[in-house]
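Peer 1: Spelled out, the chains give:
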Amino acid sequence: MVHTEVEITRGKTSGIGRGGLVRLEKPLEEVFRAAAQSPDTFLFWASDEGLLNAEALHERGLISVERLLLVKTQTPEDVWRVGQEAVETALFGGVLLKPSRLCALGPLRKLQITAERTRTRVILLTRDRVPHWLCKAG
Amino acid sequence: MILYWNSERALGPFAEACFCVTPRVFVGAPGEVFLDLAATAKHWGGEDKVLEKALRLAEAFELDRDPRLRVVLSDRAEWARPLATGVSGQLLLKKGQSEARLLALPLAALVDCALPLPISETRAEEERRGRATLVAFLLKLGLKTLGDFARLPPETLGHRFGKEAVIWQAVVRGERPCVLAPFVPKEVLEERIEADEIHSLERLLEALGRTFTRLEARLRGRALAAKALRLEFALENDPPLTRSLVLIEPLQESQALVRLLRDFLRDTKWTSPLLSLVVKIPDVVSHAPGQLSLFDDGEQRAHEMAAYVARLRAQVGDQGAGFAVFRESHLPEQRWSLGWPPAPPPARRAWPPERPLFVYFPTRPCRIEAGWRLTLSEKLTGEWWNGVAPRQYAVARAPDGSRFWVYWDEKRQEWFLQGVFE
Numbered sequence: 000m001v002h003t004e005v006e007i008t009r010g011k012t013s014g015i016g017r018g019g020l021v022r023l024e025k026p027l028e029e030v031f032r033a034a035a036q037s038p039d040t041f042l043f044w045a046s047d048e049g050l051l052n053a054e055a056l057h058e059r060g061l062i063s064v065e066r067l068l069l070v071k072t073q074t075p076e077d078v079w080r081v082g083q084e085a086v087e088t089a090l091f092g093g094v095l096l097k098p099s100r101l102c103a104l105g106p107l108r109k110l111q112i113t114a115e116r117t118r119t120r121v122i123l124l125t126r127d128r129v130p131h132w133l134c135k136a137g
Numbered sequence: 000m001i002l003y004w005n006s007e008r009a010l011g012p013f014a015e016a017c018f019c020v021t022p023r024v025f026v027g028a029p030g031e032v033f034l035d036l037a038a039t040a041k042h043w044g045g046e047d048k049v050l051e052k053a054l055r056l057a058e059a060f061e062l063d064r065d066p067r068l069r070v071v072l073s074d075r076a077e078w079a080r081p082l083a084t085g086v087s088g089q090l091l092l093k094k095g096q097s098e099a100r101l102l103a104l105p106l107a108a109l110v111d112c113a114l115p116l117p118i119s120e121t122r123a124e125e126e127r128r129g130r131a132t133l134v135a136f137l138l139k140l141g142l143k144t145l146g147d148f149a150r151l152p153p154e155t156l157g158h159r160f161g162k163e164a165v166i167w168q169a170v171v172r173g174e175r176p177c178v179l180a181p182f183v184p185k186e187v188l189e190e191r192i193e194a195d196e197i198h199s200l201e202r203l204l205e206a207l208g209r210t211f212t213r214l215e216a217r218l219r220g221r222a223l224a225a226k227a228l229r230l231e232f233a234l235e236n237d238p239p240l241t242r243s244l245v246l247i248e249p250l251q252e253s254q255a256l257v258r259l260l261r262d263f264l265r266d267t268k269w270t271s272p273l274l275s276l277v278v279k280i281p282d283v284v285s286h287a288p289g290q291l292s293l294f295d296d297g298e299q300r301a302h303e304m305a306a307y308v309a310r311l312r313a314q315v316g317d318q319g320a321g322f323a324v325f326r327e328s329h330l331p332e333q334r335w336s337l338g339w340p341p342a343p344p345p346a347r348r349a350w351p352p353e354r355p356l357f358v359y360f361p362t363r364p365c366r367i368e369a370g371w372r373l374t375l376s377e378k379l380t381g382e383w384w385n386g387v388a389p390r391q392y393a394v395a396r397a398p399d400g401s402r403f404w405v406y407w408d409e410k411r412q413e414w415f416l417q418g419v420f421e
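In order, the protein sequences belong to chains C and H. Start counting the first sequence at 0; every next residue gets the next number (numbering that gives the first Met the number 0). Start counting the second sequence at 0; every next residue gets the next number (numbering that gives the first Met the number 0).
I should point out that these hints are in silico values taken from the structure, not numbers from a laboratory. Since the structure is predicted, the reported quantities are computational estimates derived from the model, not experimental observations. Think of the CB as a built atom: it goes at the ideal place given N, C-alpha and C, for glycine as much as any other residue. The reader is advised that the hints may include incorrect statements.
For each label pair, taking beta carbons as the anchor points, the in silico distance ranges come out as [as the list claims (entries may be wrong)]:
1) C:Gly-60 - H:Pro-340: 19 to 27 Å
2) C:Thr-40 - H:Leu-373: 37 to 45 Å
3) C:Gly-60 - H:Arg-326: 18 to 26 Å
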């Protein structure tokens, strides 16, 4: 299974860099490997359908679960809201959002601008297509 | 120097906050607080600054809005009450000025000179009556001021009016300190909000903002931080509604606490008009902030992370946000839960079972369609004592290549979808 990932940051460095809006298609495991490039930074995950399996992540050695904040929300709107808040805190090197539904363009654009300002790596895991003008060449 | 406060309001909470100004806080009659500023005169840049700090503290408790508030700075505690007689607002006397001012007061002020404390109300009234009798007699003799009384020879006074009159004169002369009762705060911090004009969450948060400013001052006074909050809503037509919030990191700052409550109370609805709200802090810990490093912001970031997780959990519940905390269990969904603070995970297993990265909470019944390929994996038979039936796990591969983590519940005779391999 593949995902549509949209990263909203600036200044691509290596792998998933910090900058612009990069669109990638990789399995979840690869996304984690890329998102967890800096071992010192915290990662944020939010979803309304389920949760990351912390045990499997730990057993596979993909990421230190002590640095992964997991959030399970009731609605997809809440995923976008807590995601926006997480980016605004600038506490996380990477923010992974897996909502069951895409939000309106306004909040998405706001998320993009905030992520640029706080230099946070944001990865959206959704099957819905994101408007092309939000994506820049990575 | 003694800073004396007299108000018609209850000054207990204010007295509690005053511990951050001086450890020597005393109470007199209801509505009276004595602060001994000499105890901390050498701190915060001298007595003037300590005084400024105390007066600023009163603003947090809105004492400055009390038209009957009287504040007197005097050399001695026993002189403060008579000096406050007839004063409206503040009377801040510099060192050495109190005595002259006191001795110029009318003789009737003797009744207000400090009573030895603590004494019973009956005993206080008796003493007050005794003084009033003495004052009435001395007035007849032509004495007009406290100064006239102070100048009387003590032996003559004792011979004519007894031992008590000599003691009262010694108090006026500043030769006999009065005994004050140390202030002992209540164990549980509590504030009450009357909700007559609160009709919306915004108004409630506004009122909570003022309340938590006071609570912060009280916590600071006692060098404590809140670990839990309890809100008791008294409703007009329904039983009281109680909401409790356990803080993942002890907090003292009012702004942080109100921000947390904004998220926590977002979904709170009252089924009938709100009459009042009682805010309690049932659990506290000693607040001892450490020294932050100039070059390492790790501690500051950990603090910020704790505050953020606290806000998140106030929004989505304790089980909705946190870091994975592992525990012993046979069931995959109970092998870990969301908690705070982050805990080190257990050692990795040499041969871990194949499990997906994404799991559904709760698991959902599913149907295995024709054409799907099932590969049996592990069988779990544990935790029968909790009513959990044996489970046969399998990886179900759909024709489009998607792989799902499913199990057969032997008790319910049904397939359940627990995760997806992505």
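Peer 1: Compare the structure with each hint and give your call.
Peer 2: Right, here's what the structure says about each hint:
At roughly 22 Å, the beta-carbon separation of Gly-60 (chain C) and Pro-340 (chain H) lies within the given 19 to 27 Å, and the hint holds. Taking the beta carbon of each, Thr-40 (chain C) and Leu-373 (chain H) are about 40 Å apart, inside 37 to 45 Å as hinted. For the pair Gly-60 (chain C) and Arg-326 (chain H), the beta carbons lie near 20 Å from each other, so the given range of 18 to 26 Å is met.
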